[in-house]
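Residues in the sequence shown are numbered from 136 upward in steps of one, following the numbering used here.
Calculated directly from the structure, the hints in this document are not laboratory data.
One thing to keep in mind: the hints can contain errors.
Here are the simulated BS3-like pairs of lysine-lysine, each with C-alpha atoms no more than 27 Å apart in a straight line [to be verified]:
#	residue 1	residue 2
1	Lys-269	Lys-216
2	Lys-269	Lys-208
3	Lys-269	Lys-366
4	Lys-208	Lys-153
5	Lys-366	Lys-216
The structure presented is a predicted model; accordingly, all values stated were derived computationally and were not measured.
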Amino acid sequence: MTSLSIWRDRFERLRSHKVFETFVIAIIILSALLIGAKTYEETSRFEQALLVFDTGVTIFFLVEILIRIGAEKRLRDFFRKGWNVFDFLIVTASLIPMDDSEMVLLARLLRIFRVLRLVSMIPELRILMVALVKSIPRMGYVALLMFIIFYIYAALGSFLFAEVDEFLWGNISIAMLTLFRVATFEDWTDVMYATQELYAWSWIYYLTFIFLNAFIFLNMMIGIVLDVMQKESLAIELENGEGEAAELHGLRDDVRDLKAQLSRMEEALQRRGS
136 MTSLSIWRDR FERLRSHKVF ETFVIAIIIL SALLIGAKTY EETSRFEQAL
186 LVFDTGVTIF FLVEILIRIG AEKRLRDFFR KGWNVFDFLI VTASLIPMDD
236 SEMVLLARLL RIFRVLRLVS MIPELRILMV ALVKSIPRMG YVALLMFIIF
286 YIYAALGSFL FAEVDEFLWG NISIAMLTLF RVATFEDWTD VMYATQELYA
336 WSWIYYLTFI FLNAFIFLNM MIGIVLDVMQ KESLAIELEN GEGEAAELHG
386 LRDDVRDLKA QLSRMEEALQ RRGS
């Protein structure tokens, strides 16, 4: 083995070691606490110490990303994974110095995003994030249907209840904001009681709207996210060769191999018979 291969193997063992991963996660959390501490005036007297600590965290992240790059056989293998590119961009953005008065605001803003590295470091958070992103297209259709229902109910509300409260039902845009308040249960009963004084049946309007949006459409959103999360979990189990999904996949491969062997045996017997 060459010296390059030896170092690559060492970096690979270090990168995959649980203690090292836990230490990186701890540093990410400390970095997030550091950013939060700088928002308090009481910490201004420790500004120099916080700056030194921030520099140390930045150097650590740089060394950590270099170790992960060095563990790959080829540089492009590292950048093939989206999460690696994400970490690399955050780490390189953190190299902007904090002592430059013109760039200090940008540097602080970029350092806030270092806490997002927890998502790339913890597999369970990655599943949640990927599931959320993949759910957005399907949730878009539910959101479109919700907008249609909002629009219809807002139009009805502006026609029926404008004389009750012009501030809440004056036009369709204001009525949609009022319905958003109702959907989030923010003092929605006050709105309903005001219209009930003039229209006793108006409770039907509110209850049907809440039933459609707060119960049906919200549960549809949750169902979409859960479905995508389940598929992502199965995909990760197959990739890692763990869980029932991996076992079933292995059984399918074994059955497929057995069928292929039986087919070859039948063909061999037919040739002998002929």
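TODO: Kindly indicate which numbered hints from before are broken by the structure, ordering the numbers from low to high.
DONE: Number 2 - this is the single hint that the structure violates.
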